[in-house]
Amino acid sequence: MREYVLYVKERDRTASAHITPVYEVDQQFWAEQEGSRLHIIGRSRSLALIFALREKVNQQLKDVRNEDGLPENKWLDKTLDRAKKAAGDYTKEVNRLYVRETRETGYGNTVCFQMDIQQTEKALGQSCRDFKRSIQEHEEYKLESESKSNNQLLTQNLVDQCATFIETHVKGRALLLEETKKWLEQAPHLETGWIAGFQRLVLLEKAEWKPSVRLEVKRSAWKNQLLFTCERCSSQATIDKVECYTCGQACAYCFNCLSMGRCKCCVPLVCIPNGDKLSLSLHANLPTRPISQLNTLATRLSPPATLASLEQQEGPLHMHAEDNVYLRWKGNFSPRQASVAEQARSFVTSVSPSFLIWAVCGAGKTELIFPAMEEILQLGGNVCIATPRKDVVLELAPRIAQVFPTISVLAIHGSSLQKWENSRIVISTTHQMLRNYQRFHLIIIDEVDAFPYHGDQMLYHAVKRSLVPGGKTLYLSATPPTYLQKQLVQFGDMTTRSGCFLRRKTNYSSLPLSSQSHAILPARYHGFPLPVPRVERISRLRYKLEKQLPIPPLLELCNDSLRENRQIFLFVARIEMIPVVLTYLRKHFPDFVGQIEGVHAADPEREHKVKAFRQKEYIMLVTTTILERGVTIPRSDCVVLEAEAAIFDEASLVQIAGRVGRSADSPDGDVLFLVGQKATAPRKAIRQIQRMNKLGSL
Amino acid sequence: MRSGRKTELLVDRLPTYFTSDQYPVCYQLFQSMELCETCIDKLPIISLFSCVQCGRDERVGGTSHCRDCVKREQQVERTTTIHNRSVLRYEEWTKELISQWKYRGDERLTKLCSTLLQIGFIRYYSNERFDCISYVPMHAGRLQERGFNQAEVLAQALSIKLKVPCRPLLERTKETTKQSKQKGRTNRFFSMQDAFQLRVEASQDFSVPRNTWWMRPFTKTRRGMRILLIDDIYTTGATLQACADVLLSSELWGDHEVRSMTLAR
Ligand SMILES: [Zn+2]
Ligand SMILES: [Zn+2]
Ligand SMILES: [Zn+2]
Ligand SMILES: [Zn+2]
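Protein sequences, first through last, are from chains A and B.
Quick note on numbering: the first sequence equals residues 2 to 699 in the numbering used here.
Quick note on numbering: the second sequence equals residues 44 to 308 in the numbering used here.
Source of the hints: derived by calculation from the structure; they are not laboratory data.
Everything numeric in this text was worked out from a predicted model, so none of it was measured.
Every residue gets a Cβ at the ideal spot worked out from N, C-alpha and C, and that includes glycine.
Honestly, I wouldn't trust all of these hints.
What the hints assert, rightly or not - Simulated restraints, written as ranges between beta carbons of each label pair:
id	chain 1	residue 1	chain 2	residue 2	range
1	A	R38	B	V243	40 to 46 Å
2	B	E135	A	K685	39 to 45 Å
3	B	Y66	A	D561	25 to 31 Å
4	B	Q240	A	I648	34 to 40 Å
5	A	R220	B	V243	44 to 50 Å
6	A	Q237	B	G47	31 to 37 Å
7	B	C82	A	R587	30 to 36 Å
8	B	P87	A	T633	39 to 45 Å
As the list claims (entries may be wrong) - Sample of chain A residues with no beta-carbon within 12 Å of chain B, all distances over it, derived:
id	residue
9	T106
10	S417
11	S540
Said to hold, decoys possible - In the BS3-like style, the derived pairs of lysine-lysine whose C-alpha atoms are separated by at most 30 Å in a straight line are:
id	chain 1	residue 1	chain 2	residue 2
12	B	K138	B	K114
13	B	K204	B	K154
14	B	K154	A	K224
15	A	K610	B	K204
16	A	K391	A	K93
17	B	K217	A	K545
18	A	K219	A	K57
19	B	K206	A	K182
20	A	K588	A	K545
21	B	K114	B	K49
22	B	K85	A	K391
23	A	K465	A	K57
24	A	K182	B	K217
25	A	K57	A	K211
26	A	K211	A	K465
27	A	K465	A	K487
28	A	K420	B	K138
29	A	K183	A	K391
30	A	K391	B	K138
31	A	K695	A	K506
32	B	K154	B	K114
33	A	K93	A	K219
34	A	K548	B	K138
35	A	K420	A	K207
36	A	K487	A	K685
37	A	K278	A	K506
38	A	K391	A	K487
39	A	K685	A	K695
40	B	K217	A	K183
Looking at chain B on its own, in the form it has when it is part of the complex (with noise of 0.2 Å):
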C-alpha cells in the first residue's frame, strides 16, 4: 500500500521535468532510492525554466537567465561564470539533507545523494560526453576534521555509474573562511582567487586509469577536454569559477571545456 502511494506521487510529478526519454530511467532511480512519500513530495528539483548559464530555479521575465546572470551580462568588466547545473533547489529539505550529511557525517546519505546526482547528469548532460570527472578538492586540514570529501564521494559515485574515469586533478592551497561566514559576492570571489591549484601529478593522472577495466581509456588524440566538476552546493559560483579558471589556464591537454554540476543550487 506504502509503495503504491509512492509510485502514484512519482507518476504524478516527474513528467513535469523529465522528457519522455529520460522518464523510465529516472522513474527507476527515484523507485531505488529510499525516500518516504512526504519526502518525495517535499523533493525541491529545479523546474524546467531555470537559469541555461548557472542553472538557477530562477528566470527574469523574457530572458532564459536568472537575475545574477542578467546583471552580470550588464556590468561593464563582465566576469565569466561557468556553465553549472544542479538537481535541487538549496531549500529547507535540501539544508536538512545536506547538513546531516556533510556536516554530521551520516555516510550512509552517500548513495542518496549520489542517485539524485545521476538523475541530474541523465537530466542535463546525457547526450554530452566527458572525458573526465573531478571534484572541488578540500583543504587537507578541513578534510583530515570532517573525515571525508562529499564532492569526492559524489564524483566517485557518478564516475562508477558512467564509467568515466574520476580525477582528483586540483588540490586545496588556502583554507578559505567558511563561506556562508563571508560577506558580499566580490569578496567571496576575491578570497577564491587563488585558492586552487593543479595537482602535480595531475598530467600523471592521465596516463593510464588503475583497476578500471570497464572505464572508457582516455586518448590523447582529442584537441581538448571536456571536464565535469562536481561539488555538492553553488553558493555564488565562486569556488566553481576559481576551480574552472586553473583548469582552463593549465596548458597540459590543449583546449579545454569545463562544466559543473551540484546537488544543490
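With the rest of the complex left out, here is chain A (with noise of 0.2 Å):
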C-alpha cells in the first residue's frame, strides 16, 4: 500500500505544503537548496484527503507568514502547530460528512478517511523507509562487486534516470499510475526508482500529479456537502462513494470512463506537459515566413496546374525549401477549396485559438486539413485529428499517411495497440483524448457536431486538456452546432427598432463567407448546388405505414426512381419501425421483395448489407440514422420517415440529404422528408441547404 507524505518547507520565514510518495526525494531535491527545513505534517492513503489538505493547510500558511515580530524558534512551532491542527479538524470534517452521506446505502456500516498526524519529526513515512529498502536491493543486486561507499550516489542517479526517461517517453500524456507501467517493459531495470523519478519530475515542475479522484467540501448556508471530481473526465455527478481494499479506507471512483480504466480517490493521475516548443512562436502577428515561401507554398496548393507538375518540380522545390517538405500530395483544389485551405493554414500562425470550417456534404473536407498541418509540422509541431468514431479513424490513417509519407501516423482508438506510441500525427477517437495531457500543437475535430461530440462537456474537456497553452482547434463539420456558429462565425450586424430605441443585433440571416475564425465551402466539389428536400406534411403517417395504406408521395419517388434505376435510402427513426417499414415495401413493390433489405447499428450482417447495398445488389435500404454519414451511393435518393421525430434534428437531417448527388455524373437526387406531425426541424434543415446554395452561388 502506498502512503503519501504531506510536508511543510519551510525557508525564510515564508512556508508551504507538499505532497510525495517518496520523502526521501524531496529530502535530496529541498537539501539542493540552501537553508530549506522540511517538517512532516502527516501520512495517509488517500491520495484525495492529502490533497484536499495540503490546500487547506496552505491556506493557514499564508495567513501566519504575516505576523512579524516573533522569534524563529516560536514562528516555527505556531506555523506548525496551525497546520496539524488545520488538517486535523478539515479530516475530522470531511469524515463526518462521508458517513452522513453513506449511512442508508451502506446499512451503517461506514468506513472513513485516515490520515495520521505527525506528532513529532523521527518517524519516517512507511514508504520511505521502503523505497530505501527497494533501492538498497537493487543497487546490492547490481554492483555485488563494487564497494558500496558511493551508495548514495547511485540511488540519486537511478532516480534521475528514471526522470530523464519519463521526460522522454511518457509526454504529453495524462495517466493513471498503473497505465504508465506500461512503459516499464521497455526499460525494466527502471522498476525501482519509477515513482521516485516521477517525484522528482514533479519537483521540478516538468510534470504534475493529482488524485484521480479529486474531494472538496461544498459549504453552503443550507449543508455541507462532499464534492467528488473525476480529474480524467471533470465529471462530478458519476462518482460513486465505496470501500476500497487498495487504500482501505473511504473511497470514491468514477464510473463515467471506467473503461479506460478506475479512477479512485487512492490512484494517482500522472499529468506530463510536452515539452516540445515550435521553433517558431504561435503568437507572432506578422507573417512567421518569409512571403516569398508562402507564396510557393500557396502556388503550390492552389492552382491544378502546378499541381499536376509537382512531381517535375519536385527537384527545385527541395532546393527552394531547406526545411523538409512533409506534404506529398497529388490531388488538386478547385479554386474554392484552394481559397478555404489558405485560410485555415494561415489561421495556424494567427492569433486566434480557434477556426471554423464549414463544408457541406460531399466538399471534400479532409483535403483542407493538408495545408494547415503542412504548417504545424514545419514550426515543429505535432497534429491530432479527433473524430468521435473509430471507424472514421480507421479509414482516414491511410489516406493521411499516404500524404505524408515522411511521418508514422498514429490511429488511435479503444482497442488500438498503438496507444502508447507517440508520434507527430495522431488520429484518435475523441474518447481516448482523455489519456493526453498539453500533447498537440493543433488539434483538428472532425465532424463536430457527431455523437457523441454534441453537448457533451467531458469531450471538449479533453480536447482543452489535450492542447499545449496556446494551441489551436480547428473545427471541421458540414452542420456546425449553434453554439459553435456563434462562437465563430462573424455574422453581420444589423439595426432593430424597439420603439423609439435604435439598438444593434446580430443578423443571423447574414452568413459571411469567411472571416477570422470561419471559412464556408459552400458548394461541393463539382460545383452543382445541393439538392433541396422537399416536406410531404402525412396525416396519420404511422398509421398508414403499419395498415400498409398507400402514401402517394412515397410511392411516387420510388417508382421514379425505379425506372431510373436508382437505388433508394428510408431512413426511419426507431429500430422497431424497420420491419413495419419493410413490409409496406415488399407489399407495394412485389416484384423487388428480394432487393429491399434493413439494416441497424446491432445488426450482425450490417457491414455485409450495406456493401452488398453499394454493388447494387439491393435496390432499398431501411436504416435507422446510423448511415447518416459515411455511406456514399452515386446514384441514389433518399427517403426520412417520420422526420419529425427528435432523432432527426437539423444537423442530422442536413447530413441525411447530404448523401444524395454527391457524385459529379449524376449531381441531382430526391430527398423527400415526410411528416406525420408539424415540426421544425425539417423546414430548417431545408432553408440551412437553401442558404448554402445561395452562398455556392454567389
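Grab the two chains, each in its own frame, and use the hints to assemble them into the complex.
Structure, rendered in C-alpha cells:
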C-alpha cells in the first residue's frame, strides 16, 4: 500500500505544503537548495484527502506568514501547530460528511478517511523506508562486486535516470499511475525508481500529479456537502462512494470513464506536459515565414496546373525550401477549396485560438486540412485529428499516411495497440483524447456535430486539456452546432427598432463566407448545388405504414427511382419501425421483394448488407440514423419517414440530405421528408441547404 | 409501455423456474432490478433440471447428475464435491455482466448481482437454516490491486438481506495463477489444495456480532454449524471445495455442514 506524506517546507519564514510518495527524494531535492527545512505534517493513503488537506494547510500558512515579531523558533512551532490543527479538523469534517452521506447505502457500516497526523519529527513515513530498502536491494543485486561507499550517489543517479526516461517517453499524457507502467516493459531496470523519478519531475515542475478523483467540501448556508470530481473526465455526477481495499479506507470512483481504467481517490493521475516547443512562436502577428516562401506553398497547392507538375518540380522545390516538405499530395483543389485551405493554413500562425471550416456534405473537406497540417509540422509541432467514431479513424489513417509519407501516423482508438506510442500525427477517437495532457499544437476536430461530441462537456474538456498552452483548434463540420456558429462565425450586424430606441443586433441571416475565425465552403467539389429536400405532411403516417395504405408521395418517388434505376435510402427513427417499413415496401413493390433490405446498428450482418447495397444487390435500404454519415452511393435518392422524430434534428437531416447527388455524373437526386406532425427541424434543414446553395451560387 | 413489456416477459418466463410460493417474492425482486427487456429476455437462469450435486444446468440422461459428477462417481478414488447451487449459466450475458462488474470494477452492478443471488437463495435454500455466511477470500495482493472482493460484497449483501451474520472465516495464503490459465481439472485441484487456511480470528468472529442488533445471535448449543459459502463463479469447484475442506477439517465448532452458492455456473 502506497502512503503519501504531507510536509511543510520552510525557508526564511515562508512556508508551503507539499505532498510526496517518496519523502527521501524530496529531502534530497530540497537539500540542494540552501536553507530549506522540511517538517512532516502527516501521512495518508488517500490521495484525494491529502490533496484537499494540502490546499487547506497552504491557506493557513498564508495567514501565518504575515505575523512578524515572533522569534524564529516560536514562529515555526506556531506555524506547524496551526497546520496540523487545520489538517486534523478538516479530516474530521470530511469524515463526518462522508459518514452522513453513506449511512443509508452502507446499512450502518460506514468507513472513513484516515490521516495520521505526525506528532514528532523522528518517525519517517513507511514509504520512505520501503523505498530505501528496495533501492538498496536493487543496487546490491546489480553491483555486488563493487564497493557500496557510493551508494548514496547511485541512488541519486537512478532517480535522475528514471526522471529522464519518463520525461522523454511519457510526455504529453494524463495517465493513471498503473497505465504508465506500460513503459516499464521497455526499461525493466527502472522499476524501483519509477515513482521516485516521477516525484523528481514534479519537484522540477516538469510534471504534475493529482488524485484521479478529487475531493472537496462544498460549503453552503443550508448544508455542507462532499464534492467529488473526476480529474480525468471532469464529471461530478458520476462518482460512486465505496469502501476500497486498495487504500483500506473510504474511497470513491468514477463510472463515467470506467472503460479506460478506474479513477479512484487513491489512484494518482499523472500529467506530463509535452515540452516540445515550436520553432517559431505561434503568436507572432507578422507572417512568420518569408512571403516568397508562403507564396510557393500557396501556389503549389492552389492551381491545378502546378500541382499536376509537382513531381517534375520536386527537385527545385526541395532546393528552395531548406526545411523538409512533409506533404506529398498529388490531388488538386478547386479555386474555392484552395482559398478555404489557405485560410485554414494562415490561421495556424495567427492569434485566434480556434477556426471553423464549414463545408457542405460532399465538398471534400479532408483535403482542406492538409496545408494547415503541413504548416504546423514544419514549425515543429504535433497534430491530432480527433473524430468521434472509430471507423472514421480507421478510414482516415491510411489516407493521411499516404500524403505524409515521411511521418508515421498513429491510429488511436479503444482497441488500438498504438495507444502508447508517440508520433507527430495522431488520429484519435475523442474518447482516447482523455489520456492526453498538453500534447498537441493543433487539434482538428472532425464532425463536431456528430455523436458523442454534441453537447458532451467531457470531450470538450479532453480536447482543451490535450492542447499545449496557446494551441489551436480547427473544427470541421458540415452542420456546425449553433453554439459553435455563434462563437466562431462573425455574423453581420443589423439595426432594429424597438419603440423609439435603435438597437444593434447580430443578424444571423447574413452569413459571411469567411472571417478571421471561419470559412465556408458552400458548394460541392463538382460545383453543382445541393439537392433541396421536399417536405410532405401525411396525416396518420404511422397508421398508414402499419396498415400498408398507399402514401402517394412515397410511392411516386419510389416508382420514379425504380424507373431510372436509382437506389433508395429510407431512414426511420427507431429500430422497431424497420420491419414495418420493410413489409410496407414489399407489399407495394412485389417485383423487388428480394432487393429490399433493412439494417440497424446492432445488426450482425450490417457491414455485409451495406456492402451489398453499394454493389447494387439491393435497391432499397431501410435504416436508422447509423448510415447518416459515411456511406455514399452514386445514384441514389433519400426518404426520411417520420422526420418529426426527435432523433432527426437539423444537423442530422442535413447530413441525410447530403447522401444524395455526390458524384459528378449525377449531381441531382430526390430527398423527401415525410412528416406526420408539424415539425421545425425539417424546415430548418431545408433553410440551411438553401442558404448554402445561395452562397455557393455567388 | 416499456414496463408493461417487462412485466409481460416476467410473467411469461418466471413460472418455469419458480414454485408458486417463491414466485411472488421473486417477481418483486426481478421488477426491482434495473434490467431492460432485452436483458430479461436473455437472462440465462439455470433450469429446474440441474445437477443436484453441483448445480450445473445439465443432466445426463436418466440420472440427476451432470456429466462431471457422474464421472466422479465412477472413479476409483472418489473425490468429494461441495453441494453447490448457482443462479445463472456462465454464458455470454453472464460473462459480460461479471467482467464489467469484477474486472472493470463497475461496483454499481453489485446491487444487481446481489439481488440475483438473493433470488437464488430463495429458490434453493429457502427451507434451510444457515448459521453463518462466509465467502471465498482473495489474496491480499490481488485484493489491493482490484480494490474489492466480489465474493465478499455478495456475501455481505446477502447477509444483510437474510439477517444471517457474514464472517470472513478464511484467508488465502497462496496466490494461485489465474484459473483460466491453468490446464486441466486435476491440476487445478492440486494447486488449490493448500491455498486457504482458517483465519486466526475465526473463532472470535462468533463471540458477539458487531453492530447487528437485527441479526440472529449465534448460539453454540447446536452441535454443528451450517455455513453457506459464497463465490461469484463456479468453474470446476476446486476453489469452493478447498475452502470447504478447510472449514470441515477445523475442529472449532464441532460437525459442520458447508453448502455453497455462486452467481454463475
Ligand atoms: Zn471519470
Ligand atoms: Zn481507494
Ligand atoms: Zn439490458
Ligand atoms: Zn454436477
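Failing hints, ascending? Checked against the structure, the hints that fail are numbers 3, 4, 9, 15, 16, 17, 19, 21, 32, 34 and 37, while the rest are satisfied.
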